[in-house]
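Protein chains in written order, with this note's numbering: chain E, 1 to 391; chain H, 1 to 117; chain P, 1 to 315; chain V, 1 to 192.
Worth flagging that the hints you see were computed from the coordinates, not collected in a lab. Glycine included, C-beta positions come from ideal geometry on N, C-alpha and C. Misleading hints may appear alongside valid ones.
[As the list claims (entries may be wrong)] Derived DSSO-like pairs (lysine-lysine); straight-line CA-CA distance at most 27 Å: (1) E:Lys-363 with E:Lys-313; (2) E:Lys-17 with E:Lys-313; (3) V:Lys-120 with E:Lys-244; (4) H:Lys-15 with P:Lys-5; (5) P:Lys-312 with H:Lys-82; (6) V:Lys-120 with E:Lys-17.
[What the hints assert, rightly or not] Here are some chain P residues pointing at chain H (derived, C-beta under 8 Å): (7) Leu-4; (8) Val-12; (9) Ser-15; (10) Arg-19; (11) Gly-23; (12) Ser-28; (13) Gln-32; (14) Val-52; (15) Pro-58; (16) Thr-60; (17) Glu-63; (18) Val-64; (19) Arg-224; (20) Ala-263; (21) Pro-266; (22) Ser-267.
[Claimed, not checked] Now the stretches of chain E that chain H is said to cover, found in silico as 3 or more residues with beta-carbon under 8 Å: (23) 222-235; (24) 299-311.
The lines below spell out each chain.
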Amino acid sequence: MSKIAVTGDDAIAQAAKLVNPDVVAAYPITPQTIIVERFSDFVADGEVDTEFVCVESEHSAMSACIGASTAGGRVFTSSASAGLMLMYEILQIASSSRTPIVCAIANRAISGPINIHGEQTDQLLFRDSGWISQFAETNQEAYDQTIMAFKIGEHPEVLLPVAVGIDGFILSHAIEGVEPVTRELVSDFLGGERKSILRLDPDNPVSIGLLHLQDYYMEARAQVRDAQQRSKQIIIDTFKDWQKLTGREYNPIESYQMDDAEYAFVTMGSGAGNARTAIDELRANGEKVGLIKVRVYRPWFGNEFSTLTKNIKGIISVERAHSFGSPGGILGQDVKSTLFDSKQTPYMAEYCYGLGGRDCLVKEWTEIYNRSIQGFNEGENLPYFWWGVRE
Amino acid sequence: MPDVLPTDVSDEEFKKWVTEKWGYKKLPMAGSTPAGTAKFFRTGDWAAKQPRLIVENCTSCYKCYFYCPDSAITMVAGEDGKAHPEFDMFYCKGCGVCAYECPGRKGEKAIIMEDLK
Amino acid sequence: MPTLKEYAKEKVHFSGGHRLCAGCAAGSMARQVTMAFNKPTVVCNATGCLEVASTIYPFTAWEVPWLHVAFENTSAVASGVEAAYNAMRRKGMIKDEHIDIVAFGGDGGTFDIGLQSLSGALERGHDFLYICYDNGAYMNTGIQRSSGTPFAANTTTSPAGSVVPGKGQFKKPLVDIVVAHRIPFVATAVPAEPKDLIEKVRQGLDVEGPAFIHVDASCTRGQRFDPSLSIEITRLAVQTCIQPLYRVIDGEYTMDRPSLRIASDPSKKKPIDEYLRAQGRFRHLYKPEQRDDLITLFQEDIDKRWEEIKAKCGV
Amino acid sequence: MTINIIDIRLHGRGGQGVMTSSYLIAEAALLEDKHVHAFPTFGPERSGAPIAAFARISDEKFYMKTEVYEPDIVVVQDPSLLSQIDVTAGLQQGGLILINTNDPNKADVQAIKQKRPDVKLATVDASKIAKEEIGLAVTNTAILGALCKVTDNKIIKLEVLETAVKNRFKGKGAISDKNIKAINRSYLEVTI
Numbered sequence: 001m002s003k004i005a006v007t008g009d010d011a012i013a014q015a016a017k018l019v020n021p022d023v024v025a026a027y028p029i030t031p032q033t034i035i036v037e038r039f040s041d042f043v044a045d046g047e048v049d050t051e052f053v054c055v056e057s058e059h060s061a062m063s064a065c066i067g068a069s070t071a072g073g074r075v076f077t078s079s080a081s082a083g084l085m086l087m088y089e090i091l092q093i094a095s096s097s098r099t100p101i102v103c104a105i106a107n108r109a110i111s112g113p114i115n116i117h118g119e120q121t122d123q124l125l126f127r128d129s130g131w132i133s134q135f136a137e138t139n140q141e142a143y144d145q146t147i148m149a150f151k152i153g154e155h156p157e158v159l160l161p162v163a164v165g166i167d168g169f170i171l172s173h174a175i176e177g178v179e180p181v182t183r184e185l186v187s188d189f190l191g192g193e194r195k196s197i198l199r200l201d202p203d204n205p206v207s208i209g210l211l212h213l214q215d216y217y218m219e220a221r222a223q224v225r226d227a228q229q230r231s232k233q234i235i236i237d238t239f240k241d242w243q244k245l246t247g248r249e250y251n252p253i254e255s256y257q258m259d260d261a262e263y264a265f266v267t268m269g270s271g272a273g274n275a276r277t278a279i280d281e282l283r284a285n286g287e288k289v290g291l292i293k294v295r296v297y298r299p300w301f302g303n304e305f306s307t308l309t310k311n312i313k314g315i316i317s318v319e320r321a322h323s324f325g326s327p328g329g330i331l332g333q334d335v336k337s338t339l340f341d342s343k344q345t346p347y348m349a350e351y352c353y354g355l356g357g358r359d360c361l362v363k364e365w366t367e368i369y370n371r372s373i374q375g376f377n378e379g380e381n382l383p384y385f386w387w388g389v390r391e
Numbered sequence: 001m002p003d004v005l006p007t008d009v010s011d012e013e014f015k016k017w018v019t020e021k022w023g024y025k026k027l028p029m030a031g032s033t034p035a036g037t038a039k040f041f042r043t044g045d046w047a048a049k050q051p052r053l054i055v056e057n058c059t060s061c062y063k064c065y066f067y068c069p070d071s072a073i074t075m076v077a078g079e080d081g082k083a084h085p086e087f088d089m090f091y092c093k094g095c096g097v098c099a100y101e102c103p104g105r106k107g108e109k110a111i112i113m114e115d116l117k
Numbered sequence: 001m002p003t004l005k006e007y008a009k010e011k012v013h014f015s016g017g018h019r020l021c022a023g024c025a026a027g028s029m030a031r032q033v034t035m036a037f038n039k040p041t042v043v044c045n046a047t048g049c050l051e052v053a054s055t056i057y058p059f060t061a062w063e064v065p066w067l068h069v070a071f072e073n074t075s076a077v078a079s080g081v082e083a084a085y086n087a088m089r090r091k092g093m094i095k096d097e098h099i100d101i102v103a104f105g106g107d108g109g110t111f112d113i114g115l116q117s118l119s120g121a122l123e124r125g126h127d128f129l130y131i132c133y134d135n136g137a138y139m140n141t142g143i144q145r146s147s148g149t150p151f152a153a154n155t156t157t158s159p160a161g162s163v164v165p166g167k168g169q170f171k172k173p174l175v176d177i178v179v180a181h182r183i184p185f186v187a188t189a190v191p192a193e194p195k196d197l198i199e200k201v202r203q204g205l206d207v208e209g210p211a212f213i214h215v216d217a218s219c220t221r222g223q224r225f226d227p228s229l230s231i232e233i234t235r236l237a238v239q240t241c242i243q244p245l246y247r248v249i250d251g252e253y254t255m256d257r258p259s260l261r262i263a264s265d266p267s268k269k270k271p272i273d274e275y276l277r278a279q280g281r282f283r284h285l286y287k288p289e290q291r292d293d294l295i296t297l298f299q300e301d302i303d304k305r306w307e308e309i310k311a312k313c314g315v
Numbered sequence: 001m002t003i004n005i006i007d008i009r010l011h012g013r014g015g016q017g018v019m020t021s022s023y024l025i026a027e028a029a030l031l032e033d034k035h036v037h038a039f040p041t042f043g044p045e046r047s048g049a050p051i052a053a054f055a056r057i058s059d060e061k062f063y064m065k066t067e068v069y070e071p072d073i074v075v076v077q078d079p080s081l082l083s084q085i086d087v088t089a090g091l092q093q094g095g096l097i098l099i100n101t102n103d104p105n106k107a108d109v110q111a112i113k114q115k116r117p118d119v120k121l122a123t124v125d126a127s128k129i130a131k132e133e134i135g136l137a138v139t140n141t142a143i144l145g146a147l148c149k150v151t152d153n154k155i156i157k158l159e160v161l162e163t164a165v166k167n168r169f170k171g172k173g174a175i176s177d178k179n180i181k182a183i184n185r186s187y188l189e190v191t192i
């Protein structure tokens, strides 16, 4: 099929259309609005057979999603930033209720001060909630990962909600070419006609969401922990299945120019595009640098990450997110703790960049590289650094 | 092992679940539990008093049945063929609502509360 | 309409063994409500006494499918459940049968933190019945005031001190707020009138679209009275016209018999003094000295509301 | 390994459809199997405020996702912007600037010529064309015909742009034809 020109938001809406969820409960928030608007168009034009619940807040959006998913429906929603903050409480319950809700996120800075532009802190803030958390670099990835998210989340050994993040505006409002797939392909991929999976079944009544006291609470949480662990293999398998159908390769941890790399950038989302471009330029000048792109952030694929960093001298972790008062970045902490277990610990430099949508040019990525290498050559790790902040 | 709901857990199995304190690998998913399992939980030991029926004062008005908060009253046909309350002391918390609300016959209560012996 | 005895044949879907307080009116209410279930029914429950005490894992008193998510969102949860059933029924994934959906919330989960999600669900027109069991404070967490707490009541966050005599505000007119959403069915009820309550639940479930029932449910701990009096206190609420019983069907108000008797014979209307004296939460209105000023204020407010509701019901 | 990328920056005012222009360029380029990334700047600006949009086009796959700071081409949809902002900021040596104006001899247009003698300056009265052909002074489509011409159809071919316009206005009746007429006129009327 020839490519379609779509924004990131539109790509996600188109993907959700092919999946044809039973229920979409969502509340609009910039820069996610196009997803909700486009999906509303599909409902209005009869292109989907979905109950669209146009709720009065994100809190109710996620609550309605849990209700719908617990009832047995296939459920999709979408949010960002303050919206995710409002549904934060309920996000935790989505995973413990084992509801495979798919939530697309147009990542946006969190107030305050108020800002509507790209930043991943919003999605990283619920990293501990039991959600499977992924990021996309391009609109094509956003499209593909949205479809795959349903298969991963709904797998009987997983049954967890899945978040797919795209950087606000940089992807959400940017047009790129996306190679579409057919409804039939998606239907086959998701296992053909979906059977009823009634959980609130009047013929087989159960109670869900009970008060767990000291005697059972840890056991309930351990189930979510195990489901997260089990999801790793399912994610890998799902990515492979998708590749068989579309030829497009996906890995939880992606690499670029890593075969002979001595140094590596680590990042997530659209920033990886600029990193690649900088790497091309650096390589042209003889630098042995590569990129590790974390596509799946939770569960954390530590082994896959370690395999890539076996022979690496220095790691430059660059994230469009921040954590006040922490020893480093949010992603950076995962990277560091993974490296702690490896036999040869490389040097590490951590950067926070691009908060609130601030652009980071390709030449800045090169500067980040040069600065880091200088430090590594002096035999030092570089302390957590906010790139581009005026003093 | 795929996670499942407890739709086919029998009463016997549920009793094991509680007495053996099952671990997370055995427990159904999503903190779910089979419907109506509270019936196995004794709240009768909360009671300091217990109701006693004085059948000749009972008019089979059913009020005690509707007001009992604890499903501790069932209406059972007596020797007179009329329905009278029977108290399930496995559940009864001794609140005394039934006795208070009992209209009785000619001002004489059909249910009175007595100290538990 | 069936008689009370006939209702007694209906199955109760709320078992014993729950851990509500001895003499809890919410327990009586829940039992009566489930007697009205005559179709496949699903219950969504907001966090609160009823939820916590009826479902301490792995025990549940509920014999129908039951779901709890959080405190402030049970209307939204019910919205999602309804939407999913509609979609799955349309797609032929589940049996083509109607499933009744009942949502329970306390006064905290309804008047206060859950009001937004309730309003949203009513506006969207989901087909479900919301039952607010109002015991006049956050009883689950230790008797903190809610906007449903009556005037002058002593709670842990509106304590009767040496200067401030309990809650300074009158009860939020929640039923009026719900009626303003122009939903097809709104009613008030008390567990002291089981036939009336069960009828209303059935009626609320049978209408298409949202239905709402406000149940005055007493609380032995928070309102402070002997457990044996819990039903009597809700009866007093009706007799003093603090909780007039009526229904609003498609905007038409009808007064129900227990209140109608008072409307037609004003001598039957009890002064609120009887309601207040029966409860420890109003003790400061009588000791160390009787606060007739506050009791009069309270009475005037109740009288005004009673006249309003009589006028609306055309009696 | 340098990829040949054409960077375009479009200037206009909020409400004039600058975003649509950038999207149309991307949609047309995609019809020719090119690789694209096109997006507007987004701020709190409402109708009337000066805004910009970007389109990045290449025959080869590229990954870059930054805004455009050193454009090869600048398109100015609203002539009143010339005296208010520096539309030539970062414009590549020997680049191209296309301006919507009813008079190429106006002082602000001439000032750009003087300031940047190295760039190719083209003008077209897109407002007039849009008014006459579409009935609205919305220049976002009209000016793109001129862009095809001044780039010798190398970035977007006129007929491909027509297809993109048809796709975008599918099902909207005569609007599509009117826009296509406007594009064709600006293609013919643009002057360098």
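Okay, the hints, checked on the actual structure:
| no. | hint | verdict |
| --- | --- | --- |
| 1 | E:Lys-363 with E:Lys-313 | holds, 22 Å |
| 2 | E:Lys-17 with E:Lys-313 | violated, 45 Å |
| 3 | V:Lys-120 with E:Lys-244 | violated, 49 Å |
| 4 | H:Lys-15 with P:Lys-5 | violated, 35 Å |
| 5 | P:Lys-312 with H:Lys-82 | violated, 43 Å |
| 6 | V:Lys-120 with E:Lys-17 | violated, 46 Å |
| 7 | Leu-4 | holds, 6 Å |
| 8 | Val-12 | holds, 6 Å |
| 9 | Ser-15 | holds, 5 Å |
| 10 | Arg-19 | holds, 7 Å |
| 11 | Gly-23 | holds, 3 Å |
| 12 | Ser-28 | holds, 5 Å |
| 13 | Gln-32 | holds, 6 Å |
| 14 | Val-52 | violated, 13 Å |
| 15 | Pro-58 | holds, 4 Å |
| 16 | Thr-60 | holds, 5 Å |
| 17 | Glu-63 | holds, 4 Å |
| 18 | Val-64 | holds, 7 Å |
| 19 | Arg-224 | violated, 15 Å |
| 20 | Ala-263 | violated, 24 Å |
| 21 | Pro-266 | violated, 25 Å |
| 22 | Ser-267 | violated, 22 Å |
| 23 | 222-235 | holds (count 4) |
| 24 | 299-311 | violated (count 0) |
The earlier numbered hints that this structure contradicts are 2, 3, 4, 5, 6, 14, 19, 20, 21, 22 and 24.
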